[in-house]
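Q: Sequence:
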Amino acid sequence: DIQMTQSPSSVSASVGDRVTVTCRASEDISNWLAWYQLKPGKAPKLLIYGSSSLQSGVPSRFSGSGSGTDFTLTISSLQPEDFATYFCQQANGLPLVFAGGPRWRSN
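Be aware that the sequence shown starts at 1, since it is given in UniProt numbering, and climbs by one per residue.
Just so you know, the hints here were simulated from the structure itself, not pulled from any lab data. One should not assume that every hint holds.
Unchecked claim - Taking lysine to aspartate or glutamate pairs in the EDC-like style, the calculated list, with each CA pair at most 16 Å apart, reads:
| id | residue 1 | residue 2 |
| --- | --- | --- |
| 1 | Lys39 | Asp82 |
| 2 | Lys42 | Asp82 |
| 3 | Lys45 | Glu81 |
| 4 | Lys45 | Asp82 |
| 5 | Lys39 | Glu81 |
| 6 | Lys42 | Glu81 |
Unchecked claim - So the derived label-pair ranges between C-beta atoms look like this:
| id | residue 1 | residue 2 | range |
| --- | --- | --- | --- |
| 7 | Pro80 | Glu27 | 33 to 41 Å |
| 8 | Gly68 | Gly41 | 32 to 40 Å |
| 9 | Ser65 | Gln3 | 14 to 22 Å |
| 10 | Gln55 | Ser30 | 12 to 20 Å |
| 11 | Val15 | Ser67 | 26 to 34 Å |
| 12 | Ser26 | Ser77 | 26 to 34 Å |
Here a beta-carbon is modelled for each residue, glycine too, at the ideal position from N, C-alpha and C.
Just need the whole structure built from these sequences, with the hints factored in.
A: Structure follows, in structure tokens:
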């Protein structure tokens, strides 16, 4: 099975910061990578699919990049509503593995 690893394990950030989260796959998954946002009590929200395609309705401050094994989620200017947990998911084959997201806290 493909293994997914996400870093950092925690993020300390302030509103307005540029924040980057990385995800690494144990083998080449081309661009079959999605990013999700999770908030307590809510369903996961798809942000990015195909490594870099922004889901409809997601603010343009979110962006994704990468291919093969290394991927990045960037928030260009962190907003108060962005404090959440972020997960990457490989979709190259079954099982559809999620990587555990970092815990976020405000400075």
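Q: Are the hints correct? Go through all of them and say.
A: Here is what the structure says about each hint:
1. Lys39 with Asp82: 9 Å, holds
2. Lys42 with Asp82: OK: Lys42 and Asp82 at ~14 Å, within 16 Å.
3. Lys45 with Glu81: Distance of about 13 Å is within 16 Å: holds.
4. Lys45 with Asp82: OK: Lys45 and Asp82 at ~12 Å, within 16 Å.
5. Lys39 with Glu81: With a Cα-Cα distance of about 10 Å, the restraint between Lys39 and Glu81 holds, given a limit of 16 Å.
6. Lys42 with Glu81: Holds - the C-alpha atoms of Glu81 and Lys42 are around 13 Å apart, at most 16 Å.
7. Pro80 with Glu27: 33 to 41 Å: This hint holds: roughly 37 Å between Cβ atoms.
8. Gly68 with Gly41: 32 to 40 Å: 35 Å, holds
9. Ser65 with Gln3: 14 to 22 Å: 21 Å, holds
10. Gln55 with Ser30: 12 to 20 Å: 19 Å, holds
11. Val15 with Ser67: 26 to 34 Å: 31 Å, holds
12. Ser26 with Ser77: 26 to 34 Å: 32 Å, holds
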